[in-house]
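From first to last, the protein sequence lines are chains V and Z.
All the letters of the first sequence, read from the start, carry residue numbers 1 to 345 under the working numbering.
All the letters of the second sequence, read from the start, carry residue numbers 1 to 345 under the working numbering.
Some hints here could point you the wrong way.
A pair counts as met if it fits within one copy or between any two copies, since identical chains are not told apart.
[Stated by the list, open to error] Calculated cross-link-like contacts (lysine-lysine; reagent style BS3-like; alpha-carbon spacing at most 25 angstroms): (1) K157 to K124; (2) K310 to K235; (3) K311 to K170; (4) K15 to K47; (5) K38 to K233.
Just so you know, these hints were derived from the structure itself, not from any lab.
This one's a predicted model, so the numbers in the text were calculated from it and none came from an experiment.
There are 2 protein chains.
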Amino acid sequence: ALARPAIAQSMPEIKWRLTSSFPKSLDTIFGAAEVFAKAVSEASDGKFQIQVFSAGEIVPGLQALDAVQNGTVEMCHTAPYYYVGKDPTFAFATAIPFGLNARQQNAWFYHGGGMELLNAFFAKYNAHALPGGNTGCQMGGWFRKEIKTTDDLQGLKMRIGGFAGQVLSKLGAVPQQIAGGDIYPALEKGTIDAAEWVGPYDDEKLGFQKVAKYYYYPGWWEGGAALHFMINKAKWDELPVTYKALFNAAAGIANVDMLAKYDAKNPAALKRLVANGAQLRPFPQPVLDACFEASGELYGETSAKNAEFKKIYDSMMAFRNEEYLWFQVAEYTFDNFMIRARARG
Amino acid sequence: ALARPAIAQSMPEIKWRLTSSFPKSLDTIFGAAEVFAKAVSEASDGKFQIQVFSAGEIVPGLQALDAVQNGTVEMCHTAPYYYVGKDPTFAFATAIPFGLNARQQNAWFYHGGGMELLNAFFAKYNAHALPGGNTGCQMGGWFRKEIKTTDDLQGLKMRIGGFAGQVLSKLGAVPQQIAGGDIYPALEKGTIDAAEWVGPYDDEKLGFQKVAKYYYYPGWWEGGAALHFMINKAKWDELPVTYKALFNAAAGIANVDMLAKYDAKNPAALKRLVANGAQLRPFPQPVLDACFEASGELYGETSAKNAEFKKIYDSMMAFRNEEYLWFQVAEYTFDNFMIRARARG
Numbered sequence: 001a002l003a004r005p006a007i008a009q010s011m012p013e014i015k016w017r018l019t020s021s022f023p024k025s026l027d028t029i030f031g032a033a034e035v036f037a038k039a040v041s042e043a044s045d046g047k048f049q050i051q052v053f054s055a056g057e058i059v060p061g062l063q064a065l066d067a068v069q070n071g072t073v074e075m076c077h078t079a080p081y082y083y084v085g086k087d088p089t090f091a092f093a094t095a096i097p098f099g100l101n102a103r104q105q106n107a108w109f110y111h112g113g114g115m116e117l118l119n120a121f122f123a124k125y126n127a128h129a130l131p132g133g134n135t136g137c138q139m140g141g142w143f144r145k146e147i148k149t150t151d152d153l154q155g156l157k158m159r160i161g162g163f164a165g166q167v168l169s170k171l172g173a174v175p176q177q178i179a180g181g182d183i184y185p186a187l188e189k190g191t192i193d194a195a196e197w198v199g200p201y202d203d204e205k206l207g208f209q210k211v212a213k214y215y216y217y218p219g220w221w222e223g224g225a226a227l228h229f230m231i232n233k234a235k236w237d238e239l240p241v242t243y244k245a246l247f248n249a250a251a252g253i254a255n256v257d258m259l260a261k262y263d264a265k266n267p268a269a270l271k272r273l274v275a276n277g278a279q280l281r282p283f284p285q286p287v288l289d290a291c292f293e294a295s296g297e298l299y300g301e302t303s304a305k306n307a308e309f310k311k312i313y314d315s316m317m318a319f320r321n322e323e324y325l326w327f328q329v330a331e332y333t334f335d336n337f338m339i340r341a342r343a344r345g
Numbered sequence: 001a002l003a004r005p006a007i008a009q010s011m012p013e014i015k016w017r018l019t020s021s022f023p024k025s026l027d028t029i030f031g032a033a034e035v036f037a038k039a040v041s042e043a044s045d046g047k048f049q050i051q052v053f054s055a056g057e058i059v060p061g062l063q064a065l066d067a068v069q070n071g072t073v074e075m076c077h078t079a080p081y082y083y084v085g086k087d088p089t090f091a092f093a094t095a096i097p098f099g100l101n102a103r104q105q106n107a108w109f110y111h112g113g114g115m116e117l118l119n120a121f122f123a124k125y126n127a128h129a130l131p132g133g134n135t136g137c138q139m140g141g142w143f144r145k146e147i148k149t150t151d152d153l154q155g156l157k158m159r160i161g162g163f164a165g166q167v168l169s170k171l172g173a174v175p176q177q178i179a180g181g182d183i184y185p186a187l188e189k190g191t192i193d194a195a196e197w198v199g200p201y202d203d204e205k206l207g208f209q210k211v212a213k214y215y216y217y218p219g220w221w222e223g224g225a226a227l228h229f230m231i232n233k234a235k236w237d238e239l240p241v242t243y244k245a246l247f248n249a250a251a252g253i254a255n256v257d258m259l260a261k262y263d264a265k266n267p268a269a270l271k272r273l274v275a276n277g278a279q280l281r282p283f284p285q286p287v288l289d290a291c292f293e294a295s296g297e298l299y300g301e302t303s304a305k306n307a308e309f310k311k312i313y314d315s316m317m318a319f320r321n322e323e324y325l326w327f328q329v330a331e332y333t334f335d336n337f338m339i340r341a342r343a344r345g
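Can you make the complete structure from the sequences, with help from the hints?
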């Protein structure tokens with residue numbers, strides 16, 4: 001009888017396509033998919049080849065999950081919160097306003113029941129996810145005028161999506177959906193008043209400080225935005241144990257390496273932005289408080305309508321409150337001292 | 001002619017021994033070596049088997065590097081700062097007083113030139129290292145009496161090693177070397193006045209709050225203590241590219257998973273410790289300031305005597321100052337808001 005290679009062999013020859021939701025210009029995020037694919041190829045002696053495509057080469061960036069779900073590609077690298085239009089529950093896999101920081105996100109994914117909950121949800125979309133990178137806490141974006149009180153949010157046209165846009169809507173702002181390449185001219189013409197992108201290293205490439213000089217922080221809607229490798233579930237289930245283990249390990253190095261790369265590249269970019277005219281501004285405490293309150297309202301409304309959202313929300317919020325109980329002790333006090341020691345020179 | 005399998009094959013059958021510097025009771029740290037070995041075994045279809053031994057099974061925990069260097073075992077999982085007696089330069093691979101936090105440590109290792117510098121140094125000890133875990137910021141330890149001023153450090157007998165012990169010596173304390181299992185009776189009898197261990201999850205197992213109730217923070221001598229897999233360099237150099245890639249990936253998942261596990265387990269342990277009598281205390285600002293000054297002196301003295309130390313110290317300090325420039329903006333402000341929001345309930 002003939003052997004059935006894909007089932008009988010532990011390391012069969014496989015070629016997959018991975019579509020990234022990101023352009024190559026976002027080299028840190030896009031690079032995480034390359035780190036993953038290279039690790040899988042090299043560690044399998046070239047038997048498992050994954051070709052990485054940037055956004056738009058196969059499908060547009062925001063359709064990466066759809067392409068996985070319908071089998072156009074075997075896997076993608078994406079930010080699941082792009083799909084909150086399908087179900088707001090997707091947001092927990094990346095970030096929610098006033099959610100977890102990057103380390104807490106990983107703690108919840110790997111050891112707080114997060115991935116079990118998320119993968120049970122993703123199964124409905126024929127997908128299985130592995131954490132695959134984090135940007136760290138993002139910036140709050142670029143504003144043409146200063147935000148001094150919550151009144152300044154009234155009528156503010158801001159390029160911002162997902163939950164954060166809904167939260168800002170509650171405070172009178174008008175969220176806009178604009179592709180990355182169109183943000184600069186919209187800010188320049190005044191079609192929009194503000195825009196969020198990522199953080200210093202990525203933002204610098206687009207030159208926003210020339211058209212909207214106030215650079216606000218923190219990006220309270222993504223305290224630690226996580227990326228995932230999402231794999232067509234039927235394809236994942238078919239993989240031999242060997243390749244599943246390899247995928248877990250390769251996603252692990254991609255995960256830690258991407259955050260390390262952002263953390264290494266953001267400081268110098270921030271200095272250059274400030275040297276080139278960016279004016280750093282913290283969101284005023286009353287503005288953050290109002291956004292926090294509005295977020296809580298939105299979560300309550302969404303939980304009332306969506307039992308799966310509520311289930312995962314409750315898990316993440318219980319985890320968050322415990323995490324900050326601990327982080328405020330050793331971590332925060334250490335960072336606080338180091339920041340002040342640095343300022344004294 | 002006969003084939004030479006170890007060279008000619010891309011995935012030869014190999015069995016190695018890994019000695020951990022840690023007992024199985026420190027399940028989070030010890031577990032990182034198990035995560036690594038399991039990933040390597042499964043992803044190589046069982047061809048590369050690594051047997052993990054706890055401290056003392058082959059050699060004592062503090063001799064793990066020696067066992068790698070002389071070929072007793074092929075690799076170990078250890079905290080390189082255990083070997084500062086050989087050369088203080090080892091400390092940079094784990095933590096130095098007032099050094100980097102866990103994320104910054106990874107950023108420096110992977111994208112700040114850290115591993116290149118460290119591996120050039122480790123080559124003198126016939127070893128090649130891969131980052132393999134982090135505890136996060138540790139606690140400052142358990143004290144029988146409160147530390148209110150730097151005067152309270154005079155004559156204080158504290159179980160603490162390495163650079164931190166030398167820094168405290170400058171302030172009049174008397175560092176003690178005591179194995180983990182002997183700390184409790186020494187505190188109980190008053191043979192020592194204080195002892196540092198790790199953080200809530202590990203400290204709880206030893207019950208220190210019963211004999212030294214003041215639990216200080218932060219552990220300024222290890223803002224993010226990193227573990228490494230250290231491999232006999234000749235054995236590493238012989239590995240085919242396939243296995244080197246697999247080791248990098250497996251160490252990556254071990255690295256991110258270990259920190260996530262600590263971050264997930266510390267909060268509940270902290271709550272239990274406080275419920276059982278631990279009194280949380282921050283080190284007073286003047287005490288931290290004095291320790292910071294003393295650390296700077298020690299680094300200056302060590303740099304003057306040791307060119308390799310100076311080279312790596314200069315790299316890490318330049319990196320640290322840039323990192324906190326950035327971390328104080330988005331990350332710190334986000335955490336600050338979340339901690340205050342939590343406190344308000």
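Hint-by-hint comparison with the structure:
| no. | hint | in the structure |
| --- | --- | --- |
| 1 | K157 to K124 | neither (35 angstroms within a copy, 60 angstroms between copies) |
| 2 | K310 to K235 | neither (29 angstroms within a copy, 52 angstroms between copies) |
| 3 | K311 to K170 | within (24 angstroms within a copy, 54 angstroms between copies) |
| 4 | K15 to K47 | both (8 angstroms within a copy, 23 angstroms between copies) |
| 5 | K38 to K233 | both (22 angstroms within a copy, 23 angstroms between copies) |
The structure does not agree with the numbered hints 1 and 2 stated previously, though it agrees with the rest.
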